[in-house]
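Let chain G serve as the given structure and place chain V on it in line with the hints.
So the protein sequences, as listed, match chains G and V. Position 205, counted from 1, in the first sequence is what our numbering calls 205; the numbers after and before it change by one each time, with no gaps. Position 209, counted from 1, in the second sequence is what our numbering calls 209; the numbers after and before it change by one each time, with no gaps.
These aren't lab readings, by the way, just hints derived from the structure by calculation. Incorrect hints may have been included.
Straight-line C-alpha distance at most 16 Å; calculated EDC-like pairs for lysine to aspartate or glutamate [as the list claims (entries may be wrong)]:
hint	chain 1	residue 1	chain 2	residue 2
1	V	Lys185	G	Glu109
2	G	Lys190	G	Asp231
3	G	Lys190	G	Asp127
4	V	Lys185	V	Asp167
5	G	Lys190	G	Asp161
6	V	Lys179	G	Glu109
7	G	Lys136	G	Glu96
8	G	Lys238	G	Asp182
9	V	Lys200	V	Glu139
10	V	Lys168	G	Glu96
11	V	Lys185	G	Glu96
12	G	Lys189	G	Glu42
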Amino acid sequence: MDYTNSKSNKILIFENVCKTFYTKTEQTEAIRNLNFEVAKGEFVALLGPSGCGKTTILSLACGILAPNSGNITLCGNNDASTKNIGYMLQRDHLLEWRNIYRNIALGLEIQGKITTENTDRINTLLDKYGLKDFAKHYPNQLSGGMRQRVALIRTLALNPDMLLLDEPFSALDFQTRLKVCDDVYSIIKKEQKTTILVTHDISEALSMADRIIVLSHRPCVVKQEHITNMDSYATPLKRREHPTFAKQFDDIWQELNV
Amino acid sequence: MSIKPLSAEHGKFLQKERKYSFLVAVTQIGLLAIVLIVWELLARTGVIDSFISSSPSRIVKTIINTFKVGDLSKHIWISTYETIVGFAAGTLLGTLIAIIMWWSKFIKRVLEPYVVVLNSLPKIALGPIIIIWVGTGTESIIVMALLVSVVITTITMLSGFCQTNADKLLLFRTMNANKYQVFTKLVFPSNIPTLVASLKINVGMAWVGTIMGEYLNSKAGLGYLIVYGSQVFKLDLVMACTVILCLLAGVMYFLVALLEKTIIKWKE
Numbered sequence: 001m002d003y004t005n006s007k008s009n010k011i012l013i014f015e016n017v018c019k020t021f022y023t024k025t026e027q028t029e030a031i032r033n034l035n036f037e038v039a040k041g042e043f044v045a046l047l048g049p050s051g052c053g054k055t056t057i058l059s060l061a062c063g064i065l066a067p068n069s070g071n072i073t074l075c076g077n078n079d080a081s082t083k084n085i086g087y088m089l090q091r092d093h094l095l096e097w098r099n100i101y102r103n104i105a106l107g108l109e110i111q112g113k114i115t116t117e118n119t120d121r122i123n124t125l126l127d128k129y130g131l132k133d134f135a136k137h138y139p140n141q142l143s144g145g146m147r148q149r150v151a152l153i154r155t156l157a158l159n160p161d162m163l164l165l166d167e168p169f170s171a172l173d174f175q176t177r178l179k180v181c182d183d184v185y186s187i188i189k190k191e192q193k194t195t196i197l198v199t200h201d202i203s204e205a206l207s208m209a210d211r212i213i214v215l216s217h218r219p220c221v222v223k224q225e226h227i228t229n230m231d232s233y234a235t236p237l238k239r240r241e242h243p244t245f246a247k248q249f250d251d252i253w254q255e256l257n258v
Numbered sequence: 001m002s003i004k005p006l007s008a009e010h011g012k013f014l015q016k017e018r019k020y021s022f023l024v025a026v027t028q029i030g031l032l033a034i035v036l037i038v039w040e041l042l043a044r045t046g047v048i049d050s051f052i053s054s055s056p057s058r059i060v061k062t063i064i065n066t067f068k069v070g071d072l073s074k075h076i077w078i079s080t081y082e083t084i085v086g087f088a089a090g091t092l093l094g095t096l097i098a099i100i101m102w103w104s105k106f107i108k109r110v111l112e113p114y115v116v117v118l119n120s121l122p123k124i125a126l127g128p129i130i131i132i133w134v135g136t137g138t139e140s141i142i143v144m145a146l147l148v149s150v151v152i153t154t155i156t157m158l159s160g161f162c163q164t165n166a167d168k169l170l171l172f173r174t175m176n177a178n179k180y181q182v183f184t185k186l187v188f189p190s191n192i193p194t195l196v197a198s199l200k201i202n203v204g205m206a207w208v209g210t211i212m213g214e215y216l217n218s219k220a221g222l223g224y225l226i227v228y229g230s231q232v233f234k235l236d237l238v239m240a241c242t243v244i245l246c247l248l249a250g251v252m253y254f255l256v257a258l259l260e261k262t263i264i265k266w267k268e
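So here's chain V without its partners, still in its complex pose:
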């Protein structure tokens, strides 16, 4: 990140920019540190009951212990697996439906109200039905993660497809392009940014689906551990799993952002 200053003035400008970014980073870390320290102090001095609120040190201890003694890594893996599969399937299926609806105006007009209603429907309401149809376990949780992300993907992608520049479409028509060429050479590539945006939304959505699914019924996974922890009143475990969830969701979002940078080279 070393940009060569073009002049003394530019150097000053760059220095100012760097200082500002540095300040932001320090404040971000500081904010987290203060929350953790205050939390820890309050718990240790007995102002708050660490049995109910846990504390940073107890969370860390729990994480280490559960890794060593228990099978935390198994639970993490299961939840991550369910999320990634649900996320990928939801994005693919949603995009596919959007393509079909873009392709045929008739199908689009027929399906539109259903998509709108399905989008407003809280997917967790379908939980019991999914369990009865798909069975308990990983499959039903993946279906849940898929359901949460598929409708929003369809809506986002379809609106992106339909907003393709009318003059560009005209240009393709003057070149005698067929519908397949219009899609592969114009509509889809111009919506790569839309796809990345919906990937970003779906990272969050798929986690919502997975954890919800695990709450409803499961024998493993972070959602299962959270429910289990709350039932036996082990708040340390609940907090520990929540922290891990934060980290995992963050990492996945970061990976998608990284993907965005590599795909959309031409934006720079």
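Isolated chain G (complex conformation):
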């Protein structure tokens, strides 16, 4: 797939974005002149060393933080209040006192969007992704992988224009991680969502993303963009067996260490 050229289908654009944090004793320059774009339907990974300000980028995209300078454009408008972005965090953060159904309905409830149309949508999602029998269960009755799936469905229930995944698998053990990664990937593809994945794990980025944006240490700038070109392999797990996987891993590894 080629996302590089046509300007019209861009869903998110960062233009010369700068962000500095202040405390009483320090100022930390998190991001300096950051430029990148994400096209509709694309799966982009932001890859960088720990603490390079990746989460700051997501918060900026989300409108939770405002940049010190520069422009962030989402779906062609600058208005933060109309941003419809789904955010998925490191841990599932399901609310222990709500059952699975009510956890998934949380976002709709907050935004006052509990309509028959939307509850139907939730039920379809529950049914489609094998959570129907667990709707009345409480989160602590589910496995880690299952909980992460619920967290994703909770995000999808709001029907977001774009998904932001902030190291969504880092709290899981390696085996579960590979499985959940496949699971999340297939759901995202089925729902055809534009996605930004933030991670420091090179193989995770390679196995999921169409394009990888390699970021530098703080202050964060784009070092390199990398097209993975592994669409012929259907799942993240299979992609790890792609003939160019090791080579690509090595290239990015070199780039990160420069």
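Frame of chain G, contents of chain V only:
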């Protein structure tokens, strides 16, 4: 409590667990029985003076007599009433103050030192002031019970509110939740366990307040009976009231624990 054993080995394990719990229960009861028996024997054989130390049988007799002749049930009711009202009011007011302080960072920073100082202040020092302001009788005792529990509730609840998981707060922000929704859907429900913990503390605190209040000034209640008993040197009465107090505090704590089990279903 009959859990079906999953295998012969599991059956053995369960049996071992049951035996252990049984042993604990027997030792608990045995310990109490030994103390009572030794106390009674020492008193009867004259090793200790039962006029000063009373004895279990005299305590039981006193309780029965005071019920029959006197108005023990009235005193029990008054103390329990004062404690429950003080306990409820203290918990509600403390939680309310904690909510206000959570809501406004400014108010929190302004009030913090006052709360800390009030918490260290022995509330009994306020006794005379309360009597002058509120008057003698039940009202002043309820105020005392309230004062003892309100500050600690504020501190416990506020620290619970402020420790709400930062990522969960972020999640709510990404869903465009307003402050009211954040509080009712996240901060408060995630602090139900904190609330129950502070209820447990407050059961004890409210009793401290009530009895202290009754010591200072009252015409009725268990605290009044204890003071009265010591003044006329009726140690039987003092001991009897103390035993009743133990039982009442125990029952109230048990009720709170029961409430905990019914509220926090999702913990299991």
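Results for each hint:
A hinted pair counts as satisfied when its Cα atoms are at most 16 Å apart, and Lys185 of chain V with Glu109 of chain G qualifies at roughly 10 Å. Between Lys190 of chain G and Asp231 of chain G, the direct Cα distance comes to roughly 15 Å. Compliance with the 16 Å bound is thereby established for this hinted pair. A threshold of 16 Å between alpha carbons decides the hint, and for Lys190 of chain G with Asp127 of chain G the separation of about 14 Å falls inside it, so the pair holds. For the proposed pair Lys185 of chain V and Asp167 of chain V, the alpha carbon gap of about 15 Å is at most 16 Å, so the pair holds.
Our distance criterion of 16 Å between C-alpha atoms is met by Lys190 of chain G and Asp161 of chain G, whose separation comes to about 14 Å. For the suggested pair Lys179 of chain V and Glu109 of chain G, the alpha carbons sit about 14 Å apart, so the restraint of at most 16 Å is met. Pair hint Lys136 of chain G plus Glu96 of chain G holds up; C-alpha atoms about 12 Å apart against a cutoff of 16 Å. Distance hint between Lys238 of chain G and Asp182 of chain G is fulfilled; the C-alpha atoms sit about 9 Å from each other, no more than 16 Å.
This hinted pair does not check out: Lys200 of chain V and Glu139 of chain V have alpha carbons roughly 23 Å apart, beyond 16 Å. Of the pairs offered as hints, the one joining Lys168 of chain V and Glu96 of chain G holds, with about 12 Å between alpha carbons and a cut-off of 16 Å not exceeded. About 12 Å separates the Cα atoms of Lys185 of chain V and Glu96 of chain G, which keeps this hinted pair within 16 Å; it holds. Proposed proximity of Lys189 of chain G and Glu42 of chain G is supported: the alpha carbons are some 10 Å apart, at most 16 Å.
Hint 9 from the list above is the single one not met by this structure.
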